[in-house]
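Let's have the full structure, built from the sequences with the hints guiding it.
Just so you know, the numbering used here puts the end of the sequence shown at 303, numbered straight through with nothing missing.
It should be emphasised that the hints constitute simulated quantities derived from the structure, not laboratory data. Don't be surprised by glycine CBs; every beta carbon is placed ideally from N, CA and C. Take the hints with a grain of salt, since some may be wrong.
[Claimed, not checked] Label pairs and their computed distance ranges (CB to CB): (1) PRO79 to ASN105: 17 to 27 angstroms; (2) VAL61 to GLU250: 21 to 31 angstroms; (3) ARG230 to VAL114: 45 to 55 angstroms; (4) GLY116 to GLN53: 43 to 53 angstroms; (5) ASP56 to GLY84: 43 to 53 angstroms; (6) GLN237 to PRO115: 36 to 46 angstroms; (7) VAL114 to TYR39: 53 to 63 angstroms; (8) LYS156 to VAL114: 24 to 34 angstroms; (9) ASP247 to THR18: 17 to 27 angstroms; (10) GLY98 to LYS156: 46 to 56 angstroms; (11) GLU144 to THR58: 23 to 33 angstroms; (12) GLU144 to SER66: 13 to 23 angstroms.
[Stated by the list, open to error] Below, computed lysine-lysine pairings styled on PhoX-like, alpha-carbon distance capped at 25 angstroms: (13) LYS215 to LYS200; (14) LYS156 to LYS214; (15) LYS219 to LYS200; (16) LYS156 to LYS4.
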Amino acid sequence: MKFHIVSDSSCDLGRTEVERLGVSMVSYYVSLEDEVYYREERDIPTHEFYQRMDQTPGVFPKTSMPTVEDYLEMFRPAAAQGLPILCICLNAQFSGSYQSALNAAAELGEEVPGARVEVLDSTLATVLQGMFVLEAVALRDEGCTLEEAVERLKPIRSTGRIFFTTNDLEYLRHGGRIGRAAAATGTLLKVKPLIGYKDAGLISDGIAQGRKKSLAKVRELFFRYLDREGIDLNQYRLATGFGLDGEEHRAFAEAVYQGLVALGHDRPEVRHPYQIGVTIGVHTGPSPIGVGLLRRASSKI
3 MKFHIVSDSS CDLGRTEVER LGVSMVSYYV SLEDEVYYRE ERDIPTHEFY QRMDQTPGVF
63 PKTSMPTVED YLEMFRPAAA QGLPILCICL NAQFSGSYQS ALNAAAELGE EVPGARVEVL
123 DSTLATVLQG MFVLEAVALR DEGCTLEEAV ERLKPIRSTG RIFFTTNDLE YLRHGGRIGR
183 AAAATGTLLK VKPLIGYKDA GLISDGIAQG RKKSLAKVRE LFFRYLDREG IDLNQYRLAT
243 GFGLDGEEHR AFAEAVYQGL VALGHDRPEV RHPYQIGVTI GVHTGPSPIG VGLLRRASSK
303 I
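Okay, here's the thing in structure tokens:
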């Protein structure tokens, strides 16, 4: 029996894409300049969110996790059809979304005896979570059962890596990622942070002087990682992502592609663009840009 897939909106696939894939999306909430909370990708498009951030420097938005009822709203239709449900959540270390989903699954079990819900902590975020959802879709479409899909998905979580940078250190400071002194010094010296994602957490990959050099350094770190680890891109999903500036992203993505070709990767398949969503954007500001990869669990399609 096929299973139904639910993901929270931190997968950054966007509402149109998840609907095309037959995936249900549970929205995070974001508040910008007031206490009114909007549902990500339902009440406020991601592009508009970034535009408003860009137009109100010094105003730091807040997010709130999906509620138990939000998850139940997405679980109930599939349960009514007797479909098993795979629910994929943002890294539980970053948010309580995973716990909300677990609570909703328990409540659904009381409402619909026999309902089957597997809540999976992706241990991932943004483009990595999006690619993880795509792998779940591929396994579903290959005819895997829920149990088979979960067994094949779990091992690939640890293979996710992101290399990225952002332009404004104040958002990182406000979110507690760096200290006030470091943010002030970085702004004064016009340095940009190089940030990585590995083993379910953010790491520092150093700094670079200015935006142009930081983007080049992100690509260099990525290419060096591929070489050091002996990565066969045919066994991985690869994607680029950005915040507000689509033109800057197009140039970055093309440079990633050409760099891969120069390194001998034959016609690399780079999925883009991911517009990095609210749950990460509140910490990075409107200017995150980077590249990520995740090992495939499915046959390449």
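So, going through the hints one by one against the coordinates:
Range check, PRO79 to ASN105: Cβ separation about 19 angstroms, and the 17 to 27 angstroms hint holds. Take VAL61 and GLU250: their Cβ atoms lie about 22 angstroms apart, and the range 21 to 31 angstroms holds. A C-beta distance of roughly 49 angstroms is found between ARG230 and VAL114, which places it inside the suggested range of 45 to 55 angstroms. For the hinted restraint 43 to 53 angstroms between GLY116 and GLN53, the CB-CB distance of approximately 46 angstroms keeps it satisfied.
In this structure the supplied range 43 to 53 angstroms holds for ASP56 paired with GLY84, their Cβ-Cβ distance being about 46 angstroms. Under the hint 36 to 46 angstroms, the C-beta atoms of GLN237 and PRO115, about 41 angstroms apart, fit the expected range. Restraint check, VAL114 to TYR39: a C-beta distance of roughly 29 angstroms breaks the suggested window 53 to 63 angstroms. A hinted range of 24 to 34 angstroms for the beta carbons of LYS156 and VAL114 is consistent with their spacing of about 26 angstroms.
Separated by about 21 angstroms at the C-beta atoms, ASP247 and THR18 satisfy the suggested range of 17 to 27 angstroms. Between GLY98 and LYS156, the C-beta spacing of about 21 angstroms breaks the proposed range 46 to 56 angstroms. The hint said 23 to 33 angstroms for the Cβ distance between GLU144 and THR58, and at roughly 46 angstroms that hint is violated. For the hinted restraint 13 to 23 angstroms between GLU144 and SER66, the CB-CB distance of approximately 36 angstroms leaves it violated.
For a cut-off of 25 angstroms, the pair hint linking LYS215 to LYS200 stands: about 23 angstroms separates their Cα positions. Taken as a hint, the LYS156 and LYS214 pair is broken in the structure, with Cα atoms around 37 angstroms apart against an allowance of 25 angstroms. Using a Cα cut-off of 25 angstroms, the hinted pair LYS219 and LYS200 holds, with the two alpha carbons roughly 18 angstroms apart. The hinted pair formed by LYS156 and LYS4 meets the criterion: a straight-line CA distance of about 18 angstroms does not exceed 25 angstroms.
Hints 7, 10, 11, 12 and 14 from the earlier list are contradicted by this structure; the remaining hints agree with it.
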